[in-house]
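Go ahead and model the full structure; you've got the sequences and the hints to work with.
Number of protein chains: 2
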Amino acid sequence: MKKMQVEKRRPIHVGEAICRVMRYADKGGVERVPIEESYNRVLANPLTATHPVPPFHKSPYDGYAIRACDTKGISRKYPRRFEVVATIGAGYLFNGVVERNQAVRIMTGAAIPTGCDAVVMLEKGKALQKAGKQFVELKHPVAADENISFKGEDAREGSVLVQEGQRINPGVTALLATFGYAQVPVVKKPVIGILSTGSELLDIGDEMEPGKIRNSNAAMLQAQIQRAGGEAVYFGQCPDDLEKSLKRVKQAFEQVDMLLTTGGVSVGDFDYLPVIYERMQADVLFNKIAMRPGSVTTAAVKDKKLLFGLSGNPSACYVGFELYVYPVIRAFLHSKTPYHQKACAYLGVSFPKPNPYDRFVRGSISIVEGALQATPVGLDKSNSVTSLSGADCLIMLPRGTVGYDRGARVTVILLENDSGTTWSGFKQVTSKYDGSERYG
Amino acid sequence: MKKMQVEKRRPIHVGEAICRVMRYADKGGVERVPIEESYNRVLANPLTATHPVPPFHKSPYDGYAIRACDTKGISRKYPRRFEVVATIGAGYLFNGVVERNQAVRIMTGAAIPTGCDAVVMLEKGKALQKAGKQFVELKHPVAADENISFKGEDAREGSVLVQEGQRINPGVTALLATFGYAQVPVVKKPVIGILSTGSELLDIGDEMEPGKIRNSNAAMLQAQIQRAGGEAVYFGQCPDDLEKSLKRVKQAFEQVDMLLTTGGVSVGDFDYLPVIYERMQADVLFNKIAMRPGSVTTAAVKDKKLLFGLSGNPSACYVGFELYVYPVIRAFLHSKTPYHQKACAYLGVSFPKPNPYDRFVRGSISIVEGALQATPVGLDKSNSVTSLSGADCLIMLPRGTVGYDRGARVTVILLENDSGTTWSGFKQVTSKYDGSERYG
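The listed protein sequences correspond, in order, to chains G and R. For the first sequence, the positions run 1 to 440 when UniProt numbering is used. For the second sequence, the positions run 1 to 440 when UniProt numbering is used.
If you're looking for bench data, these hints aren't it; they were derived computationally from the structure. Beta carbons: idealized from backbone N, C-alpha and C, even for Gly. Errors might be hidden in some of the hints.
DEER-style ranges, computed between Cβ atoms [stated by the list, open to error]:
(1) R156(G) with V349(R): 42 to 52 angstroms
(2) E99(R) with K8(G): 24 to 34 angstroms
(3) K244(G) with N40(R): 51 to 61 angstroms
Partner residues are not named here, just some residues of chain G that face chain R (Cβ under 7 angstroms, in silico) [stated by the list, open to error]:
(4) G91
(5) G109
(6) G152
(7) D154
(8) G158
(9) A174
(10) T178
(11) S389
Not everything, but these chain R residues come out facing chain G in the computed CB check (under 10 angstroms) [claimed, not checked]:
(12) C19
(13) S38
(14) S149
(15) G171
(16) P185
(17) G198
(18) G211
(19) D257
(20) V377
This is how it looks when you write it as structure tokens:
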């Protein structure tokens with residue numbers, strides 16, 4: 001009687017797995033896009049002030065530009081009249097020199113005329129006319145430099161205002177416009193291929209059939225890639241045949257910066273990916289991780305390019321992407337903080353059962369009186385798909401011998417916050433985990 | 001001697017101003033987009049489960065489907081052999097009925113064969129061959145229903161999984177794919193026009209000139225509109241002439257769902273917008289708000305369509321958009337929580353000077369030990385442009401007779417979080433503010 005062997009894999013810890021893929025993280029190239037298409041892209045170069053801001057001394061208000069020394073000694077009882085020798089709007093210059101007891105009526109944003117060193121607000125002066133001439137009567141002295149926006153006070157020429165790798169938000173856009181970037185140098189998006197495996201998968205547009213489900217992972221990953229800042233290319237489904245699948249994987253791999261597959265990475269009879277990696281002569285970085293869900297998440301590398309074998313289970317696929325693919329995408333986008341932002345939060349419910357492995361629960365963050373609270377959403381099963389729609393964080397429950405009580409302080413991985421952090425959030429332990437137990 | 005009068009405006013409170021524009025907030029129509037273009041769009045209809053998830057009882061693991069009753073009494077000492085009558089991968093069906101002491105080797109995701117009510121994990125069984133037949137030897141009894149993902153356990157048919165008005169995140173995408181939405185009904189983006197005024201403004205691609213600055217507000221607003229979920233259309237700059245400007249405003253207004261102008265709303269000699277509103281016979285909802293920056297922010301309505309007159313100062317323009325235009329856009333996108341999410345935070349610095357009016361300081365949020373801390377970024381001046389690039393929140397400093405100390409609890413408006421809230425964050429007081437003082 002013959003005994004058949006099930007392949008036994010050695011799981012590694014999450015931190016070690018992240019460390020192994022990040023060794024192959026590559027920085028993307030640069031391209032130029034019109035400023036109006038640059039929102040949410042990533043700056044490829046530091047943004048430096050190419051001129052001072054403001055570029056000249058200017059008036060922050062509508063008012064009268066004068067010489068402060070001329071207001072010395074004036075008061076309600078002894079007001080003084082200034083001759084208004086010109087009126088200048090923003091964008092116009094007064095080409096003369098303002099003399100003693102003269103004023104220039106000036107609009108917000110206009111350059112301070114030569115000779116002037118202060119602005120009196122419009123409503124602080126009484127406008128008068130006499131013999132076809134304009135005057136303004138002032139009743140209070142003003143100090144030199146009053147109501148002037150000084151050249152360079154907002155930014156000095158040459159100062160670095162935004163770092164390379166920063167996402168372009170509306171404020172960065174304002175600076176890009178200020179310094180004349182009609183075309184903005186941004187980091188190219190990594191092109192990330194998706195190839196699905198699984199004979200049970202129908203296309204999204206297909207009618208339901210017994211024993212089959214529609215492919216939700218490919219569309220989900222496309223959205224996850226977009227959220228991370230990458231460009232997704234869907235290569236469809238692998239055929240139900242090893243040789244044909246191998247060819248498809250190879251073809252797709254050539255066209256992308258990295259390739260994701262879903263399903264087929266386990267040790268089951270229909271899991272072709274392990275063989276495909278071997279046939280492609282790709283180095284498998286890991287094929288089992290001491291985590292749940294997503295323990296079968298696999299990564300391999302060929303020609304310095306990464307292949308990720310994500311689980312076919314929706315939640316496991318989702319978590320695998322966020323932990324291992326996301327930081328590689330962010331690093332490609334020149335981020336100095338490629339890992340998801342993390343935060344301390346209070347657990348909204350109890351998890352009484354201890355975990356023998358690190359667990360990542362899809363959760364939702366709320367802010368209660370300035371403190372974060374994290375609550376799981378939906379079913380905590382690796383094949384749950386509904387729980388993902390409400391998730392904006394992953395609640396980290398480190399392995400241990402006890403459970404977690406409601407109100408316990410836990411670390412959460414923030415999925416909708418792209419500020420990022422330099423620290424993966426896991427010790428890069430290389431100790432071996434004795435994964436005798438099976439988990440999904 | 002003739003005295004010239006400066007127009008005096010009556011400021012209203014922020015809450016009242018929000019209330020006045022929200023009366024004209026309109027809900028947008030519906031359009032269909034391919035699922036791969038639906039990320040970050042807004043669901044126009046509730047998403048209902050059109051079939052149970054999973055759609056059939058299925059196996060969450062690779063293993064053996066059996067009848068639990070057949071394992072009664074077995075143990076390490078008294079193991080039992082089951083004949084493996086078939087092997088089914090996910091997507092395939094076992095068409096027979098599993099009989100006593102029979103098993104079906106089953107892969108993750110495959111439908112549970114008729115007759116079976118439990119799955120034994122692959123590694124818990126010893127596979128054997130005898131006389132060309134396959135057997136599995138089991139040493140432990142299993143309970144009925146063990147290791148089965150039940151039909152409908154993740155979602156019952158007919159249950160509402162995602163509400164109308166929710167932004168499509170990767171988890172929502174997974175659900176849309178599951179239920180066959182190759183085309184997704186989303187809310188049309190509001191088309192929002194931008195028209196700049198100001199003779200000092202150069203185009204982004206122009207060389208610098210004395211007394212002039214490049215137009216940063218238009219590009220910034222385009223990005224703000226994109227962040228809020230709208231579609232921006234830039235109509236360029238208004239000419240330096242009232243009649244021509246009026247024509248341009250009218251033309252632009254006809255093509256959009258709402259129109260934003262920048263600059264020209266003050267009481268200066270070159271501020272055409274008040275006259276333009278009058279000539280268009282638009283109702284001015286307000287033209288002065290007891291806030292800083294952005295006190296001159298104006299809103300008007302014509303044919304139930306909104307015109308916003310934002311300040312020409314970058315920070316004032318930015319704040320005016322986020323307070324008054326943002327919630328109108330979110331309401332258009334069917335959001336039930338159209339106002340920016342707010343949170344309590346600790347002030348990172350002191351503001352010793354009291355404010356006679358509500359103040360909105362551009363700030364940056366950090367999470368320190370699970371609590372939010374808000375720190376101002378850059379210059380707190382309405383004409384500052386550099387401070388905006390680092391801002392992800394507005395720190396609200398309500399008017400009062402004292403300043404704010406470092407560590408004080410304040411409310412912050414979160415700009416990069418689109419979960420939203422139902423409450424504008426301001427009392428809708430209609431009391432009159434005696435705005436004798438001028439502010440920018």
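Checked hints:
A hinted range of 42 to 52 angstroms is violated for the C-beta pair R156(G) and V349(R), which are about 22 angstroms apart. Between E99(R) and K8(G) the beta carbon distance is about 32 angstroms. The supplied range of 24 to 34 angstroms therefore holds. K244(G) and N40(R) have their C-beta atoms about 35 angstroms apart, which leaves the hinted 51 to 61 angstroms range violated. Checking G91(G) against chain R by beta carbon gives a least distance of about 3 angstroms; that is within 7 angstroms, so the hint holds.
Look at G109(G): its Cβ gets to within about 5 angstroms of chain R, closer than 7 angstroms, so that hint holds up. Restraint check, G152(G) versus chain R: the minimum CB separation of about 11 angstroms is more than 7 angstroms; hint violated. Taking 7 angstroms as the C-beta cut-off, the interface hint given for D154(G) holds, the closest approach to chain R being about 5 angstroms. About 13 angstroms separates the beta-carbon of G158(G) from the nearest beta-carbon of chain R, more than 7 angstroms, and the hint is not met.
About 4 angstroms separates the beta-carbon of A174(G) from the nearest beta-carbon of chain R, less than 7 angstroms, and the hint is met. The beta carbon of T178(G) is positioned within 7 angstroms of a beta carbon in chain R (closest approach about 5 angstroms), and the interface hint is therefore held. This hint holds: S389(G) has a C-beta 4 angstroms from the nearest C-beta of chain R, less than the 7 angstroms allowed. The beta carbon of C19(R) is not positioned within 10 angstroms of any beta carbon in chain G (closest approach about 25 angstroms), and the interface hint is therefore violated.
Annotation: S38(R) was flagged as interfacial toward chain G, and the flag holds, the nearest CB pair being 8 angstroms apart, inside 10 angstroms. For S149(R), the interface hint holds, since its Cβ comes within 10 angstroms of a Cβ in chain G; the closest pair sits about 6 angstroms apart. The beta carbon of G171(R) comes within 3 angstroms of a beta carbon in chain G, closer than 10 angstroms, and the hint placing it at the interface holds. The beta carbon of P185(R) is not positioned within 10 angstroms of any beta carbon in chain G (closest approach about 14 angstroms), and the interface hint is therefore violated.
With a cut of 10 angstroms, the hint placing G198(R) at the interface with chain G holds, because the nearest CB-to-CB distance is about 6 angstroms. Against a cut-off of 10 angstroms between C-beta atoms, the interface hint on G211(R) holds, since the closest Cβ of chain G lies about 4 angstroms away. Interface hint at D257(R): violated, since its Cβ lies 18 angstroms from the closest Cβ of chain G, which is beyond the 10 angstroms cut-off. Interface hint status for V377(R): upheld, as the beta-carbon distance to the closest one in chain G is roughly 9 angstroms, under 10 angstroms.
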